[in-house]
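Asks: What follows is the residue order along each chain.
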Amino acid sequence: MELFDNILYDTVYHSTPIILCVLGGIFAYKANVLNIALEGMMLSGAFVSILVTYLTGSIPIAVLAALLTTILWGAVFSVLGITGKGNVIVIGLGINLIVPAIADFVLKRMELANISLQNVSVSRMKINIPFFQDIPIIGPIVSGHPPITYLTFLGIAFFTILMYRTKFGVYVRVVGENEDSAISLGIRTNFYKYAAVMIGSVCCALAGINLSLERMSMFTNNMTAGRGFIAIAAIYCGQGRPVTSVLYAILFGIARSLSVNLSVYAGPAAGLFDMIPYIIMVTVLAVVSYMKYKNVKVRGFKLE
Amino acid sequence: MKQNKKLITAVINSVLPVILAFILGGLIILAIGENPFETYGILIQKSLFTVKGFMNTLHYAAPLFLTGLAIAVTFKANVYNMGVEGQMLLGGFFAGIAGAYLPAMNSVLMKFICFAAAMIFGMVFALIPAVLKAKCNVNEMVVTLMLNYAVLKLLEYLTTGVFRDTSAGYVATPTIRDGAMFRRFGSSRLTMFFVITILILIVMYLIMNKSKLGYEITAIGKNPEFAEAVGMRVSKKIITLMLISGALSGLAGAGWMMSDQFKYTLGFSTNPGLGWDGMLIALLGGHSPIGVLIAAIFYAALKTGSDSINMYTSVPKEIVSIIQGLIILFLAVRFINNNTQLFDRFKKVKKEEA
Numbered sequence: 001m002e003l004f005d006n007i008l009y010d011t012v013y014h015s016t017p018i019i020l021c022v023l024g025g026i027f028a029y030k031a032n033v034l035n036i037a038l039e040g041m042m043l044s045g046a047f048v049s050i051l052v053t054y055l056t057g058s059i060p061i062a063v064l065a066a067l068l069t070t071i072l073w074g075a076v077f078s079v080l081g082i083t084g085k086g087n088v089i090v091i092g093l094g095i096n097l098i099v100p101a102i103a104d105f106v107l108k109r110m111e112l113a114n115i116s117l118q119n120v121s122v123s124r125m126k127i128n129i130p131f132f133q134d135i136p137i138i139g140p141i142v143s144g145h146p147p148i149t150y151l152t153f154l155g156i157a158f159f160t161i162l163m164y165r166t167k168f169g170v171y172v173r174v175v176g177e178n179e180d181s182a183i184s185l186g187i188r189t190n191f192y193k194y195a196a197v198m199i200g201s202v203c204c205a206l207a208g209i210n211l212s213l214e215r216m217s218m219f220t221n222n223m224t225a226g227r228g229f230i231a232i233a234a235i236y237c238g239q240g241r242p243v244t245s246v247l248y249a250i251l252f253g254i255a256r257s258l259s260v261n262l263s264v265y266a267g268p269a270a271g272l273f274d275m276i277p278y279i280i281m282v283t284v285l286a287v288v289s290y291m292k293y294k295n296v297k298v299r300g301f302k303l304e
Numbered sequence: 001m002k003q004n005k006k007l008i009t010a011v012i013n014s015v016l017p018v019i020l021a022f023i024l025g026g027l028i029i030l031a032i033g034e035n036p037f038e039t040y041g042i043l044i045q046k047s048l049f050t051v052k053g054f055m056n057t058l059h060y061a062a063p064l065f066l067t068g069l070a071i072a073v074t075f076k077a078n079v080y081n082m083g084v085e086g087q088m089l090l091g092g093f094f095a096g097i098a099g100a101y102l103p104a105m106n107s108v109l110m111k112f113i114c115f116a117a118a119m120i121f122g123m124v125f126a127l128i129p130a131v132l133k134a135k136c137n138v139n140e141m142v143v144t145l146m147l148n149y150a151v152l153k154l155l156e157y158l159t160t161g162v163f164r165d166t167s168a169g170y171v172a173t174p175t176i177r178d179g180a181m182f183r184r185f186g187s188s189r190l191t192m193f194f195v196i197t198i199l200i201l202i203v204m205y206l207i208m209n210k211s212k213l214g215y216e217i218t219a220i221g222k223n224p225e226f227a228e229a230v231g232m233r234v235s236k237k238i239i240t241l242m243l244i245s246g247a248l249s250g251l252a253g254a255g256w257m258m259s260d261q262f263k264y265t266l267g268f269s270t271n272p273g274l275g276w277d278g279m280l281i282a283l284l285g286g287h288s289p290i291g292v293l294i295a296a297i298f299y300a301a302l303k304t305g306s307d308s309i310n311m312y313t314s315v316p317k318e319i320v321s322i323i324q325g326l327i328i329l330f331l332a333v334r335f336i337n338n339n340t341q342l343f344d345r346f347k348k349v350k351k352e353e354a
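Protein chains in written order, with this note's numbering: chain A, 1 to 304; chain B, 1 to 354.
Hint data in this document are derived by calculation from the structure and do not stem from the laboratory. Worth double-checking, as some hints may not be accurate.
[Stated by the list, open to error] Residues of chain A placed beyond 10 angstroms of chain B at every Cβ, according to the derived structure:
(1) Gly57
(2) Ile187
(3) Arg241
[Claimed, not checked] Reference excerpt, derived from the structure (chain A facing chain B, CB under 8 angstroms, subset only):
(4) Ala157
(5) Ala286
(6) Ser289
Backbone N, C-alpha and C fix where the C-beta goes; we use that ideal spot for every residue, glycine too.
Kindly produce the complete structure, drawing on both the sequences and the hints.
Replies: Here's what the structure looks like:
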């Protein structure tokens, strides 16, 4: 039973940063600016939040600094990619490479292998919900998580409403679907693209803070371990719809949690659980696209 | 004349980002209180202007050139094969397995089998996104990105579980046989593998510049719908391209295995990975084989030089990774394109003066 509880708890635990990245990425996806810098932005949030806590000892300042630096990366991305009309995939890769490089550089300069905070206790950040924590199955799901985890699940509802029920969301989608007609309607397309990227960077910063400060109060380089790319895959499978994409993100959480918890029993083979979501996603992508293009009889080729 | 101008634009578009990145990197070095000229001097001198250093640089350039080429081939046709890293790992792993478990035999034949195994596995990986792209119109970038991680996990499992060399103190596959290893030239790390990459360069140059396929690649890259309309089978061409790309990546992995690593470890492809480095090299080289070779040598020089920086100055060698990242960022933006016509404007002014 304890194993089962652990699996449930870890599912939420491992899903959170991916869900945050997904929420951040969907707006950029819908605005037709593919933001593959999610990974780098998340690492930037993780690194700056820990570094600033280490230097100042104040968590609010650290969170603020992490948000600001990550927004700065968002700005770099937007200026080069939207205003400068550069190739966004290449810019994203560049950010993904440069953030760990800077983190490494600073760590080497400070002569540290990694930063681990002694005076911040992780268990104090967890919020236990009084009544629910004792219910068997629901307990580990809803109770005992750090604040950003709760924020994330509220965020799913918030971003769904923002995308489908507000003017902002509609405009972002119009810009992505047909930029020319958006311009003809007098929509400032660049503004909406910038905004979409910025939402992404804020969410990624939170994901990074969740990953490093809240959960382990330590930073090691490359601790994001490809979560940003997983989020991109989830966004593609869910075609940018918030709830569907989040479900794919949770799929990864489940797989990760299974592989962590079962590794005691299965040995190295437990690592194969990590492969399952990738394979499921490729299959889903293939089937969805096949259904979509099955009835197209015209010979032709289109790049999306 | 027009050809000339194109070349100049291409060179400027590649060189300008590098210069900008070095200037910014220099500012960072200044900020931590070191002399940037001295640091850059050591970086270049140790990797390009000593015989041993230069030969080591060429050694590191060989696999990078192949991964760069693998990406350049697909990028030129506007197909994004982000799976080069995974294909390279697969190739390297299976070349290593073949090299370790095959019975001892003629060393040329042995190397040939290792390379063949690597190419086949690289191509199998590339075939999945290619077929999905051609038949179901699935975004190849997402598929290759995901398969990268799937491959990484699979190889991790195979290395720690099935093929683990229990006599080694850490997680690794058995060392390959002597017959599969490339001999080093003298005291440097350079091996015959570099010569093989030069042969591949010649073949790829002919394919990309002189063959029908090369022309079609360019056409598809410029406008796939038009290419289809004039009768090119774009989907078939994409599969061919991905297969070439996969084979090249596999070769890169096999070469790296047989000339440097000799066994598969979890850190086989150094951080951030030969495949990802290949992406920068392809961009820097402007997608042409010769450009990619120059870019690979430049990049490898940064790599070998960065170790000297660590040894002779107090600047952390990670400064080189920062510069590399900056180069990518600046490369994404084309400062001068064919429409800007910067040179034409100069010429007009000159004419008017005359």
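Asks: Take the hints in turn and mark each one as holding or not.
Replies: Tested hints:
1. With 10 angstroms as the threshold on Cβ separation, the claim that Gly57 of chain A sits away from chain B holds: the shortest Cβ distance comes to roughly 24 angstroms.
2. Against chain B, the non-interface label of Ile187 of chain A holds: every CB pair exceeds 10 angstroms, the least being about 24 angstroms.
3. Here Arg241 of chain A stays apart from chain B, with its beta-carbon at least about 16 angstroms from theirs, past the 10 angstroms limit.
4. Below 8 angstroms, beta-carbon pairs count as interface contacts, and Ala157 of chain A has none with chain B, the closest being about 26 angstroms; its hint is therefore violated.
5. Annotation: Ala286 of chain A was flagged as interfacial toward chain B, and the flag holds, the nearest CB pair being 5 angstroms apart, inside 8 angstroms.
6. A hinted interface residue such as Ser289 of chain A counts as satisfied when its beta carbon comes closer than 8 angstroms to some beta carbon of chain B; here the least separation is about 4 angstroms, so the hint holds.
The earlier numbered hint that this structure contradicts is number 4, and it is the only one.
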